[in-house]
Amino acid sequence: WKKTTETGQEIPSSLKTCKNILETKPTKEDKNIKKPSIKHFCFYCKMAFNQLAKHLENDHSGEIDVAHAIRFPKGSKVRQTLLDQICNKGDYEHNCKVVKSGEGEILVNEAKKQCISVCDFLPCKYCFAFYRKIDLWRHEQSCKVRKE
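For the sequence shown, the numbering used here gives the first residue as 1, with consecutive numbering after it.
It is worth saying that the hints were derived from the structure and are not from the lab. The C-beta atom is built at its ideal place from N, Cα and C for all residues, glycine as well. Keep in mind that a hint or two might mislead.
Said to hold, decoys possible - Simulated restraints on C-beta separations:
hint, residue 1, residue 2, range
1, I38, E140, 18 to 26 angstroms
2, K39, C115, 34 to 42 angstroms
3, K77, S101, 34 to 42 angstroms
4, F72, G104, 16 to 24 angstroms
5, V78, N58, 31 to 39 angstroms
6, K74, G102, 24 to 32 angstroms
7, Q114, P73, 21 to 29 angstroms
Unchecked claim - List time: in silico EDC-like cross-link candidates among lysine to aspartate or glutamate, alpha-carbon distance up to 20 angstroms:
hint, residue 1, residue 2
8, K74, E93
9, K100, D84
10, K39, E140
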């Protein structure tokens with residue numbers, strides 16, 4: 001039994017996609033140096049941004065999901081959750097592209113303390129954020145999108 005896409009193409013197993021073993025880079029902690037902000041990929045224009053929420057509000061306010069999210073007051077949990085979902089979709093597409101091409105670095109939703117193989121990460125089936133396989137079950141128990 002093999003998984004296939006709608007067009008009939010075979011989806012490679014995780015073993016096949018791990019031929020080129022990619023690793024995440026550990027984040028360096030230095031209390032004297034300002035921590036660089038994390039870039040997220042825009043779901044609509046496929047570019048990385050430090051402040052994705054501002055970018056979405058300024059450049060993609062006409063998109064249905066963005067328009068729905070920015071109707072809520074700034075700082076509200078609903079607005080933040082909706083914008084996080086759009087952010088996760090963009091990061092998910094980027095991560096899939098990285099895994100297929102074997103080039104680049106995946107974006108994960110947890111601190112990286114050591115080099116970890118890309119094969120050790122899977123997306124949450126609810127919010128599409130990437131977590132380590134061994135921690136994914138814990139995230140899914142408390143996933144904000146699952147509870148909605």
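Hint by hint, here is what the structure shows:
For I38 and E140, the Cβ-Cβ distance of about 22 angstroms falls inside the hinted range of 18 to 26 angstroms, so the restraint holds. At about 20 angstroms, the CB distance of K39 to C115 disagrees with the hint of 34 to 42 angstroms. At about 36 angstroms, the CB distance of K77 to S101 agrees with the hint of 34 to 42 angstroms. Distance hint for F72 and G104: a CB-CB separation of about 33 angstroms, inconsistent with the stated range 16 to 24 angstroms.
Judged by the Cβ atoms, the range 31 to 39 angstroms given for V78 and N58 is violated: they are separated by roughly 20 angstroms. For K74 and G102, the hinted distance range of 24 to 32 angstroms is not satisfied, since their beta carbons lie about 40 angstroms from each other. In this structure, Q114 and P73 break the distance hint of 21 to 29 angstroms, their C-beta atoms being roughly 40 angstroms apart. Between K74 and E93 the CA atoms are separated by roughly 26 angstroms; this puts the pair beyond 20 angstroms, and the hint is violated.
Our distance criterion of 20 angstroms between C-alpha atoms is broken by K100 and D84, whose separation comes to about 24 angstroms. A distance of roughly 23 angstroms separates the Cα atoms of K39 and E140; the hinted pair therefore is violated under the 20 angstroms criterion.
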